[in-house]
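Just so you know, the protein sequences line up as chains A, B and C, in that order.
Using this note's numbering, read the first sequence as starting at 12 and increasing by one per residue.
Using this note's numbering, read the second sequence as starting at 64 and increasing by one per residue.
Using this note's numbering, read the third sequence as starting at 10 and increasing by one per residue.
For the record, the hints were derived by calculation from the structure and aren't laboratory data.
In this text the structure is predicted, and so the values were computed from the model without any measurement.
Glycine included, C-beta positions come from ideal geometry on N, C-alpha and C.
One thing to keep in mind: the hints can contain errors.
Said to hold, decoys possible - If you want a taste of the chain C side facing chain A, the calculated C-beta under 8 angstroms gives, among others: (1) Lys35; (2) Val36; (3) Ser39; (4) Phe40; (5) Asp45; (6) Phe197; (7) Gly199; (8) Asp440; (9) Arg443; (10) Val490; (11) Gln502; (12) Ile505; (13) Leu664; (14) Ser697; (15) Phe706; (16) Val712.
Said to hold, decoys possible - Over 10 angstroms on every C-beta distance to chain A, these chain B residues come out as not near it, computed from the model: (17) Arg103; (18) Lys104; (19) Asp123; (20) Ser161; (21) Asp191; (22) Ile193; (23) Arg203; (24) Met205; (25) Pro206; (26) Pro231; (27) Thr261; (28) Ala285; (29) Ser295; (30) Thr304; (31) Arg341.
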Amino acid sequence: MSDPTVPDPTVPEPTGSVGFDELYQLNVNGETRDVRDAWVGESLLYVLRERLGLMGSKGACEQGECGSCSVMVDGELVCSCLVMAASAIDQPIVTIEGVAPIGSPSDVQQAFVDAGAVQCGFCTPGLIMATHALLERSAEPSEFEIREELSGNVCRCTGYGRIIEAVQRVSVSRRADAESGIAS
Amino acid sequence: MPVLVPTSLDQAVSMLSATPDALVLAGGTDAMVEVNAGHRKPHHVLVVNRVAELRSWTFDPEASTVRIGSAVTYAELMEPPIADLVPALAEASRTVGSPQIRHAGTLGGNLGTCSPAGDGLPVLAALDAIVHLASATGERSMPIGEFMVGVKRNARRPDELITAVTVPVVSGYQGYSKVGVRNAMVIALATACIVVDTPGRTVRLAIGSVGTTIIRCTDAEAFAASAVDFDSGTASGDTVTRFGELAAAASRPIDDHRATADYRRHAIGVMAGRLLRRGFANV
Amino acid sequence: MSILSGVRRHDGRLGDSITRPDGTAKVQGSFMFSGDLEAEHCLWGATLRSPHPHARIISIDLSAAWKISGVEAIITAEDVPGQLTYGLISQDQPVFASEVVRYVGEPIAAVAADHPETCRRALQAIVVVYEVLEPLTDPERALDGSHPPIHPDGNLIRHQRIVSGDITATGDVVVEGTYVIGMQDQAFLGLEAALAMPGPGGAGVDLYVATQWLHEDQKQIAACLGLAPEQVRLTLGGVGGAFGAREDISLQVHTCLLALRTGRPVRIQYSREESFLGHVHRHPATIWMRHHATADGHIVKIEARMVFDGGAYASTSSAVLINGVTHTQGPYKCANALVDGYAVRTNNLPCGAMRGFGVVQACFAHEGQMDRLAAACGLDPVEIRLRNAMETGDKLITGQPILNVAPVARCIRETAALPLPDEPVGGHDHDPMRLPGGAGRTADRRHIRRGIGFAVSIKNLMYSEGFDDYATARCRLADGVATLKFATAEVGQGFITIAGQIARSVLGVDDVLLDPIDTDVGSAGSTSASRQTWMSGGAVNAVCMKVRGLMFDSLAAIYGVDASTLSIEGRDIVDATGVFRITVVDATAGLSFDETVEFRHAPTEDLDENGQGNCHTAFAFVAHRAVVDVDPELGLVKVIQVATAQDVGRALNPLSVIGQIEGGIAQGLGLAVMEEIIMSNGRVRNPSFTDYLLPTFLDMPDVVISLIEEPDPIAPLGAKGVGEPPTVSSTPAIVAAIRDAIGKHIDRVPVRPIDIIG
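Let the sequences and hints guide you as you build the complete structure.
So this is what it looks like as structure tokens:
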């Protein structure tokens, strides 16, 4: 979310070969993972995908303008393309792979499928992360709140209507679950 | 280890003094854009957003000031009680990027990047904020107007960290406006922040994205101080119009692919007038 | 109990809103997009691009790049073993520029290395010496001959005239306008990406790629590689959206060449900036139109001149142009016309297919004209459109009769009858973010004016001008399970969902398996032109019918029933008497039927020199009504609602149709108020998502939809393509609403703040 068209006058010209000499650990989805032979400038998105094999987080802009790479770092929803991977040591990281086991989708994931919120699906993992974060913070968001809280996640296929529908379905269903839990 | 993650300010400044070429990384939302694009190839990185002293803000009721640590995020600035103490900063924070950006991006990062389009900067300028810097050799503070030097240039020395800003809690209307051509997640074409100090009988106006750095509209401010009625909280239509014209005249915009200079100047005039109107009812 | 269990249970037949078969994988992040594909010992590839819009290449020095540790291959035009150029219609675009570069971003070399950062540094180390030439960036200069040819094929890609009826006819009322459409980008989210693997023992190459048309890619790649098509095997990598941008090849040949050169798998993944430079865009166009009408608003004659800027290479410009000129009249009766259309070559970015394909440009102009005409005749915008609405049997200005269902008047009436938004300016909660300007809090409610606009469109479906347009599908039915095989690119639109629905409906099975989408079966044609439901759907339907016939024949042989009396009822096969009944599972136990079918639509013709001919296959219609709030002083817009009634023929999967409609409208909204690739002197000023703005959740309004289902007898399943129409007339509806709010003409899109305040 910086202005890429204004060069920073202090930046030196890069030259020569890349130094692949970083070694550090990341805590991803509850596991400690070694990152070896890394270049210091690698983003968390790159490391998750290319070094840890977690391909669920997607990159579409490299600038924090699309939200496809959204993950949770230290409990906050962030764009993993704008997190320097080596700076995230000692912080719990949750990716789309950590949301629910393969084959057992979370309620949010299932609602996205059922409501028709998925077309090409490229934005979807980021939106799933953002929706879980939203509903953690606000269990019954208004439509407008949904729009604002998900506004960092761009979808090019759906026009957003079915996504809002999916989020609302989860909200209603969680409330129904809670109420029936109280009743019983 | 080329990535340094200090947790105390002492650690941070001593690490920086040892590696003054380090890229100081707060939320990363500006710096990583440049790294991803290949415009910046860091060798050493100093990560400051886990330095405890930088992570919090404090209210001093005696001085009626708020000291905001440089690693406080925009998301945090949007929440009460600080949002009630410095409402314009909360409004500006809500316009920053997206929720993801606001969770990571920090006020210190805004100062460090020092882009004229930085959303927090007009607020700091209108509040006459004091910027605090620290290095291994000591601390210093300076007014925001001296800190901001030019496009993406500021007065920070390579061995210094931006530690905090201090802003006054002002009694009176304050508000922020930003023009962009999208309803969310957009870089400013023009911004304006008004701060009305009712007891002090002053109106302050700072504008952004219309010059090499944030501009204080001193002519408009002087005019408003004499033309508005602080006691009744009113201003005439003519006063609002003139205030807008003086604000527009203070802008120094350029043409670029986002907007023309003429549009930016026009937008400053409109926003300034509307902000003044929000602070002062029509007579 | 979950609310979701309240949804009606579906058995997955036609007409059911069943969910996508790839949905669970996509929401869990396990779906493999082309950029997610890896292989052992895989290298990264990257492309060196021209920084100049027009220059002669004097020399290319690779020596410094070769010295960088980790670099495994560097290739240029000299390393292209086969045909040096490629292209969808004419092969005029070099794989790598060798003598001249003709646009900013044109590929010059490619490298393969161990890491993306190594690639980046290698590219920076390649020294190219250019002699910079004056770029041709004004399409009019391409036409008037004042700039020397920038390509051996010349600066005019195509001219087409349409002369219809009496061109001397005049009307009581004459209105004219010049309309400008900016360059829109498809901006799919899944960036161009491919993985190429050298075949075992050097036998050709396997390419996994996100594309819209595997077989066309295969043909072009093989020609450039100097290989037989069967030596280039393509498999569809997961496609993160397409919208036309993947119809032309981009990185395909480069990736294959690097893999063949290194003998190792190679991945290329474009950055967003590269993606903006590396694929074709929607043509910017300037369209002048003059409408003559009777005093009561009936169109008498239309005159038009259209100039489409094709950019540096032809791509599909000639077909886009034909779509533009043949849709001049819109969905309105018109007997007399004189139209001249030009597609020209410039040193701007190459343009080609994008959702709406030439019709978007024409529609923006004809709908602006209809509003001018309404004003001149003192008629309501809805009324003037109703008076001129086309019907089945009417002729286009090309002389082609509309044989389709053409419920234009119904689209207009039903759209106009949809409820308007009930919320006042600023909403009931007065959240300032609801006003134009959003979080920027630029306006208060009193600054805002609301406007309503209307637009209607006609969009051709399938390919035109005599193209041999076909789709192939294979079906195997065994033990109650149908397995479908086709090369239809699933780009997100949902063909794989309805393919299963077709098979279930025709065959009475529950279980449908989909084979990988690759070149091991015949071509399905492109996923474009709103054609796959009709074409690949037609092919799947036809092959399933054929297999069903074989199944009925086998039952006839075994049970002595008359095959011609058999039909499918749910999961059973029954005869006309109802006496014979057997489940499909039982009927196919131990048996296997396997058929392949090529499906074609009725042939089309070329246009003659006067633009006459039955060049199109079929048409769909739609109306849009937009409600917008405008801040006239700052020129900011917020779209509050879009209502639409769309002629869909038959909704095979209503949920999927709604998704296409809402998504298409979002792209139309983008073109209306924010999306434009800004070029100056051949350079792109905004190749990033920071500056090329896509509509967000806060920009996209509620959409109110009415599906008009009049099954089209011409369509194999009664269903019309639904993907493009939402994009075509949503843009002019929104612009009309802005005009309505501020009371002045705006004749260019996207509408910028200065256009509103100026």
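Structure-based check of each hint:
1. Contact between C/Lys35 and chain A, as hinted, is supported at the beta carbon level, the nearest pair being about 3 angstroms apart and thus within 8 angstroms.
2. The interface hint given for C/Val36 holds, since its Cβ lies 4 angstroms from the closest Cβ of chain A, which is under the 8 angstroms cut-off.
3. The beta carbon of C/Ser39 is positioned within 8 angstroms of a beta carbon in chain A (closest approach about 6 angstroms), and the interface hint is therefore held.
4. Interface hint at C/Phe40: satisfied, since its Cβ lies 6 angstroms from the closest Cβ of chain A, which is below the 8 angstroms cut-off.
5. About 4 angstroms separates the beta-carbon of C/Asp45 from the nearest beta-carbon of chain A, less than 8 angstroms, and the hint is met.
6. Because the beta carbon of C/Phe197 sits about 6 angstroms from the nearest beta carbon in chain A, less than 8 angstroms, this interface hint is met.
7. For C/Gly199, the interface hint holds, since its Cβ comes within 8 angstroms of a Cβ in chain A; the closest pair sits about 4 angstroms apart.
8. The restraint placing C/Asp440 at the interface with chain A holds, with a minimum CB-CB distance near 6 angstroms, inside the 8 angstroms limit.
9. Here the hint on C/Arg443 is kept, as its CB sits about 7 angstroms from the closest CB of chain A, short of 8 angstroms.
10. Annotation: C/Val490 was flagged as interfacial toward chain A, and the flag is violated, the nearest CB pair being 21 angstroms apart, outside 8 angstroms.
11. Because the beta carbon of C/Gln502 sits about 7 angstroms from the nearest beta carbon in chain A, less than 8 angstroms, this interface hint is met.
12. Proximity of C/Ile505 to chain A is violated relative to the hint, the smallest CB-CB distance being about 12 angstroms (cut-off 8 angstroms).
13. Given the 8 angstroms rule on beta carbons, the hint for C/Leu664 holds: about 4 angstroms separates it from the nearest Cβ of chain A.
14. A hinted interface residue such as C/Ser697 counts as satisfied when its beta carbon comes closer than 8 angstroms to some beta carbon of chain A; here the least separation is about 6 angstroms, so the hint holds.
15. Restraint check, C/Phe706 versus chain A: the minimum CB separation of about 4 angstroms is within 8 angstroms; hint holds.
16. Interface restraint check for C/Val712: the shortest CB-CB distance to chain A comes to about 6 angstroms, inside 8 angstroms, so the restraint holds.
17. The claim that B/Arg103 is not at the interface with chain A is violated, since a C-beta of that chain comes within 10 angstroms of its own (minimum 5 angstroms).
18. Not every C-beta of chain A lies more than 10 angstroms from that of B/Lys104, the closest at about 4 angstroms, which undercuts listing it as non-interface.
19. The claim that B/Asp123 lies off the interface holds: its Cβ sits roughly 28 angstroms from the closest Cβ of chain A, which is beyond the 10 angstroms cut-off.
20. With a closest Cβ-Cβ approach of about 2 angstroms to chain A, B/Ser161 is found to fall inside the 10 angstroms limit, against its non-interface label.
21. The beta carbon of B/Asp191 is kept farther than 10 angstroms from every beta carbon of chain A, the shortest such distance being approximately 26 angstroms.
22. A cut-off of 10 angstroms between C-beta atoms confirms that B/Ile193 is not in contact with chain A; the least separation is 24 angstroms.
23. Every CB of chain A lies more than 10 angstroms from the CB of B/Arg203, the least distance being 20 angstroms, so the non-interface label holds.
24. The beta carbon of B/Met205 sits about 19 angstroms from the closest Cβ of chain A, which is more than 10 angstroms, so the claim that it is off the interface holds.
25. Non-interface status of B/Pro206 relative to chain A is upheld: no Cβ of that chain comes within 10 angstroms, the nearest being about 23 angstroms off.
26. Every CB of chain A lies more than 10 angstroms from the CB of B/Pro231, the least distance being 28 angstroms, so the non-interface label holds.
27. For B/Thr261, the non-interface assignment is confirmed: its Cβ lies about 31 angstroms from the closest Cβ of chain A, beyond the 10 angstroms cut-off.
28. Here B/Ala285 stays apart from chain A, with its beta-carbon at least about 32 angstroms from theirs, past the 10 angstroms limit.
29. At roughly 35 angstroms, the least C-beta separation between B/Ser295 and chain A is larger than 10 angstroms, which holds for a residue marked as non-interface.
30. Against chain A, the non-interface label of B/Thr304 holds: every CB pair exceeds 10 angstroms, the least being about 32 angstroms.
31. Its beta-carbon lying about 21 angstroms from the closest one in chain A, B/Arg341 satisfies the requirement of being farther than 10 angstroms from that chain.
Consistency note: the structure conflicts with the earlier hints numbered 10, 12, 17, 18, 20.
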